[in-house]
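Fit chains B, C and D to the known structure of chain A by using the hints.
Just so you know, the protein sequences line up as chains A, B, C and D, in that order. If you're matching positions, the first sequence starts at 1 in UniProt numbering and goes up one per residue. If you're matching positions, the second sequence starts at 1 in UniProt numbering and goes up one per residue. If you're matching positions, the third sequence starts at 1 in UniProt numbering and goes up one per residue. If you're matching positions, the fourth sequence starts at 1 in UniProt numbering and goes up one per residue.
Errors might be hidden in some of the hints.
Identical chains share a label here; the pair holds if one copy fits it or two copies do between them.
Stated by the list, open to error - With a straight-line cut-off of 30 Å between C-alpha atoms, the simulated DSS-like cross-links for lysine-lysine are:
{"no.": "1", "residue 1": "K201", "residue 2": "K63"}
{"no.": "2", "residue 1": "K278", "residue 2": "K323"}
{"no.": "3", "residue 1": "K179", "residue 2": "K316"}
{"no.": "4", "residue 1": "K63", "residue 2": "K274"}
{"no.": "5", "residue 1": "K323", "residue 2": "K201"}
{"no.": "6", "residue 1": "K309", "residue 2": "K278"}
{"no.": "7", "residue 1": "K274", "residue 2": "K323"}
{"no.": "8", "residue 1": "K278", "residue 2": "K201"}
{"no.": "9", "residue 1": "K278", "residue 2": "K316"}
{"no.": "10", "residue 1": "K278", "residue 2": "K111"}
{"no.": "11", "residue 1": "K274", "residue 2": "K309"}
{"no.": "12", "residue 1": "K316", "residue 2": "K111"}
{"no.": "13", "residue 1": "K316", "residue 2": "K201"}
{"no.": "14", "residue 1": "K316", "residue 2": "K274"}
{"no.": "15", "residue 1": "K179", "residue 2": "K63"}
{"no.": "16", "residue 1": "K111", "residue 2": "K323"}
{"no.": "17", "residue 1": "K274", "residue 2": "K111"}
{"no.": "18", "residue 1": "K309", "residue 2": "K111"}
{"no.": "19", "residue 1": "K201", "residue 2": "K274"}
{"no.": "20", "residue 1": "K201", "residue 2": "K179"}
{"no.": "21", "residue 1": "K309", "residue 2": "K323"}
Hints are computed from structural coordinates only; laboratory data are not their basis. Keep in mind it's a predicted model, so treat the numbers as computed, not measured.
Protein chains: 4
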Amino acid sequence: MANTFGRLFKVTTFGESHGVALGCVIDGCPAGLYLDEEIIQALLDRRKPGQNLFTTERAESDKCEIISGTENSVTLGTPITIIIRNQDKKPRDYSQLENIFRPGHADYTTKIKYGLTSKSGGGRASARETVGRVAASAVAKAYLQSIFPAINVMAWVQRISNINAHVNHSDLIIENIEKSEIRCPDSNASELMKRAILSAKEQGDSLGGVIRCVASSVPTGIGEPVFDKLEAELAKAMLSIPASKSFEIGNGLDATYLMGSENNDPFYINNEGKILTKSNRSGGIQGGISNGMPIEFSVGFKPISTIYKEQETVTKQNPTEIKFSIPQGRHDPCVLPRAVPIVEAMCWLVLADQFMLQNFREIYDKHHFK
Amino acid sequence: MANTFGRLFKVTTFGESHGVALGCVIDGCPAGLYLDEEIIQALLDRRKPGQNLFTTERAESDKCEIISGTENSVTLGTPITIIIRNQDKKPRDYSQLENIFRPGHADYTTKIKYGLTSKSGGGRASARETVGRVAASAVAKAYLQSIFPAINVMAWVQRISNINAHVNHSDLIIENIEKSEIRCPDSNASELMKRAILSAKEQGDSLGGVIRCVASSVPTGIGEPVFDKLEAELAKAMLSIPASKSFEIGNGLDATYLMGSENNDPFYINNEGKILTKSNRSGGIQGGISNGMPIEFSVGFKPISTIYKEQETVTKQNPTEIKFSIPQGRHDPCVLPRAVPIVEAMCWLVLADQFMLQNFREIYDKHHFK
Amino acid sequence: MANTFGRLFKVTTFGESHGVALGCVIDGCPAGLYLDEEIIQALLDRRKPGQNLFTTERAESDKCEIISGTENSVTLGTPITIIIRNQDKKPRDYSQLENIFRPGHADYTTKIKYGLTSKSGGGRASARETVGRVAASAVAKAYLQSIFPAINVMAWVQRISNINAHVNHSDLIIENIEKSEIRCPDSNASELMKRAILSAKEQGDSLGGVIRCVASSVPTGIGEPVFDKLEAELAKAMLSIPASKSFEIGNGLDATYLMGSENNDPFYINNEGKILTKSNRSGGIQGGISNGMPIEFSVGFKPISTIYKEQETVTKQNPTEIKFSIPQGRHDPCVLPRAVPIVEAMCWLVLADQFMLQNFREIYDKHHFK
Amino acid sequence: MANTFGRLFKVTTFGESHGVALGCVIDGCPAGLYLDEEIIQALLDRRKPGQNLFTTERAESDKCEIISGTENSVTLGTPITIIIRNQDKKPRDYSQLENIFRPGHADYTTKIKYGLTSKSGGGRASARETVGRVAASAVAKAYLQSIFPAINVMAWVQRISNINAHVNHSDLIIENIEKSEIRCPDSNASELMKRAILSAKEQGDSLGGVIRCVASSVPTGIGEPVFDKLEAELAKAMLSIPASKSFEIGNGLDATYLMGSENNDPFYINNEGKILTKSNRSGGIQGGISNGMPIEFSVGFKPISTIYKEQETVTKQNPTEIKFSIPQGRHDPCVLPRAVPIVEAMCWLVLADQFMLQNFREIYDKHHFK
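Okay, chain A solo, but in the shape it has when bound (with noise of 0.2 Å):
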């Protein structure tokens, strides 16, 4: 297993979706910034289950608690230990389930990997395991703003299933995303969404779509080319959240059809003196460093496998194929409005990593250069 985020501000996330707690370790995060429950709870609010018709009603107050790393709300450098400690867990809804290999979903690699599965849902599998990254992303968050105030990550719904938002980025802000209950800035997107994902609720079944998300003011210069290029720790950060299935930078696959004269974003100078290109097609990264213009990317994600739908699948013991269908139970119909907050977390943990390894070499520069 890999539960490790991050080389300098490294996150590392614990904890079973039905066991006794879920939480995080922030190594790496300088002493001195402000920091309590509070600024963590907020964001993990938005990620908690039970918020409203869309999403499962498991009930979980995902209360966190700070047993290590501040003193009278500061951090002392030390790591920033988090845990939230599950209340509604119900292994025994799993008990059905406990001898089929569900399709979509990790119980039979996780069986052929390490030999056995959790016998309560899908421990490290659950997408209940980001509560964890969560979490730490407010630790970044506080980190990053506490030195450039303006910087901000806002993602929200693009589009769901074949129903896309029209969305003016320049005009985006954060209350347009969350006066909808699936984080869809385009009002009338946002009905057209929301009655496509109860209709699939009702049927027993499950929607997918794209999340976009952007983040704004960042310093230029970071990015670590060849391997660890900006966009890369993107897509890996992206890639590694449940259900996810896609990952584009700027324009994305929208590229692909342009000619070289179509897609070069010309370099210009603003009022202020500043370097700017016009056209951010690049999504503000070229050579894998970040060029000062918004960062820009999409993450497509299926269609949850949990549905109430008889499906095919193979026993674990004895396998044999089977049909089966689960009763109605406790899941999201589409997991994108939660999504939301977790896209952003992980791209706050890049920037926050990707920052610090950046910045040693300033200090180079201030000696040496003049």
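Then chains B, C and D, alone, in the frame of chain A:
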């Protein structure tokens, strides 16, 4: 910079486009493997420039030399160092570009990050950097095939601009890919693509597209959840290739339009009693772990940024907006044909490393469960 | 900060001396291992304070709780998190020391590095930090002993100040060590040492000494040349323990006085046809790799810095030279008896990690050479 | 194998004693540093064989070539690759040793671990491996001295067998060390040591001893508690050097005989208002972090294992106990004089890496606290 890939099968690449030499060090390859320069040269020859009308005319034989790690063509378990000396470097070709930030290139971000840029060409930001990756992949391939003789990785040009190939994966053989000068196994599409590329070349412009890749006979159980899921590692590997824009695992973005009941891959038992899935929309990976089906993914590439039309940009010294155009030079009008062996190379590196990470556990099972 | 040890068997520790809790996350332990709190508690009890006259009076039961990574006392292959809540923290005890840099302590360097110090006690610089290491070592030990039932690590107090124990390694058993309150198996020396410690304690002073450690039945072939030689990893592990001053492998400094002909260990073949060495001056390691003989090493510890005599130092605010003395408090007059399980713990962590690093190669040999 | 040292200033070494070439790749050195082959050669010349009567007669000029990472003698921020081709390799000299496990050497453990051994000499287990370390240290030194012009690392032979040098640290200058052919600055001791070495050489035997090293003008605040304390990193670095047996930080083992009141270093304020310690028994490190005093440590080396007297051992094929002796050949009778630049090299590598790890935090303080 981050020039090392992998944690147990570790590859460090080095070298500038117009420097003395490029190459790689492979640390972690077991002892006792047969390896000579011919094995490496075979893969380098597929990547080398000057192959035909569709590639750059830079004349590099890309001859490799193994300078450590083997004795009598057998690996010693020590670091394997391979160097490729530059032969046809023409740093002076770049003198007229020295004072501008080329649109779409890494000139600007490299200057911001490192305070200086390689005077001649893109330095490490040039696609020439990938020669070290391909050399290393020959070792990864030899290693994996010595254990799993049937394991293979095969990529091809699936789409150029809007010309899509029709490819039946089950019929796919390397000869059909290589007989096309642009590595598209659909001969009709290949002809159309070639015409499109030559037409773009005549216009001084460039084209993008999509490469599809399949890794077959991959052992089950590789991939390291949570953060180093197999698809996450592949996504990072692919987005680290110059000019790449997108990554899709399995049916990728197509999945986002389906319902869960349409997208799940049902498990079944084949004639040999092996558990497989009837469809392979997941691309051979579930929960971040290989399931024994072929690993399939797509990588999108932008039209390369070097074009010969007039463009707008900003100068490096005394930043000023200017228009400029590059005289016809030595660049591929479409990067995809030569990117095919690079995509394969990165896939081999991921598989070798992930296989090693999984491997040590098996011993445990052997001792412990029996 | 760097709170993670190991590359495949990875242990991250966290927690401050006077914070909410301390503990560890173990990432990389295989699935299927029996593990409960009792196994961990047994080792923690050997390290805990308040055991007898020779240790600090701080009353901590050091009760551990496993909050992730197991189900029904079996490991899942997921991160194992263990927490130990602080019970007898008395941050106020430290209020009078708040404004001084204690000689020999990390107060000054922590302030320089992090800009602030934990108000109460040494934070992570306190020896209380090692509780997470000992908890983690219980898992490493259980893992290794599940594969190699005979493998063992045993440390003891070899010398206190100038009182040296006479210990015949071949007779050494854990009972003889534990029956001494200060963990010295030579009962005569043990009595002299106890008197010396109590005498130092009465004077408000402290004593140092040397711990010797032997790891027996260690598999051959572990250790990673060039930089991660087994003795190099042990040296790092031991010098990371608070108050440690020296590391010697095998006969250590004694070797520096010998000639090559006196120091080389001749190979021979034992009755079972196994190749061993007649002497073990190398300490079971050659070229950084274990040779099947016992791994033996010594670790020197300074007299701890907390003493109750008047000392000179400098104040933190408005730096001024002052004299000060600490009122009798809760500190060990000699750290060695409680450092014995800590030395063993770090040895277990090194062995588990190095064993895993070697293990993945064996598969290759199996497939390849046969 | 683990051939990479460091996390931000990363050095990978490669090459066998009797292969084509040895060398290193340095990844992480900032751009803009002046670097040419002369700077590297100066350090290599101190380590090279054949310097005088006291070193091996193998004739290697150890000429280095930089093949990547610089342009016009300025670093580009890209990986710096340095190669040194072997000139005087005589693999045939080893043919008669091919079938035996030499006592004290890595032949046996290498065979166990890797299944084979380099036919000629020790491969990577030879001390010739360290040439890459010394080359890399020239870059680390140039980097650190470009920021801190006064920073320096100086090692010398402190003791050979039982002949101890009297060295006043404050008078110590490089000229006094280098004027001694065996790098002992106490001229009386140097003469005695030389006689002892020649006498051992005549007998076909070898001698060990201790090297002392001081790093001065090191910035405060470097070192990464908990596990990567500065002394822990130094201990690992030193114990990774072939033939090393012990590491002591500061007064080392002497501390274990003192009482706390004798061993603590009192803080005081010097004339410039800087906080220092009156004594430096801690060796410039407290709590794993540098305190601004000189970093001082000792490294013990065994008498090397290659001797020309009859020894007992076991054959590789059809293992049988035999007696053998090696004909007079090309080995140092005492490794210490040439180990002096190697100890310094590893110290430079540790300091460069630890400095970078600390550095990124300073930016934060600058932005945050003001």
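Do the hints match the structure? See the list:
1. K201 to K63: within (28 Å within a copy, 46 Å between copies)
2. K278 to K323: between (56 Å within a copy, 14 Å between copies)
3. K179 to K316: Neither: 44 Å inside a chain and 45 Å across chains, both beyond 30 Å.
4. K63 to K274: The answer is neither: 44 Å in one copy and 44 Å across copies each exceed 30 Å.
5. K323 to K201: within (21 Å within a copy, 56 Å between copies)
6. K309 to K278: between (50 Å within a copy, 18 Å between copies)
7. K274 to K323: between (63 Å within a copy, 18 Å between copies)
8. K278 to K201: Classified as between; 25 Å across copies, 43 Å inside a copy.
9. K278 to K316: between (57 Å within a copy, 17 Å between copies)
10. K278 to K111: Between. Shortest inter-copy distance 19 Å satisfies the 30 Å Cα cut-off; intra-copy 51 Å does not.
11. K274 to K309: between (57 Å within a copy, 25 Å between copies)
12. K316 to K111: within (9 Å within a copy, 42 Å between copies)
13. K316 to K201: Intra 28 Å, inter 57 Å, cutoff 30 Å: intra-copy only.
14. K316 to K274: Answer is between: at 12 Å across copies they meet the 30 Å cutoff, but 61 Å inside does not.
15. K179 to K63: within (23 Å within a copy, 46 Å between copies)
16. K111 to K323: within (20 Å within a copy, 54 Å between copies)
17. K274 to K111: Only across copies: K274 and K111 sit 14 Å apart there, 55 Å inside one copy, limit 30 Å.
18. K309 to K111: within (24 Å within a copy, 56 Å between copies)
19. K201 to K274: Classified as neither: same-chain Cα gap 50 Å, cross-chain 34 Å, threshold 30 Å.
20. K201 to K179: within (22 Å within a copy, 49 Å between copies)
21. K309 to K323: For K309 and K323, only the intra-copy Cα distance (10 Å) is at most 30 Å; the inter-copy one is 61 Å.
Checked against the numbered hints above, the structure breaks hints 3, 4, 19 and satisfies the rest.
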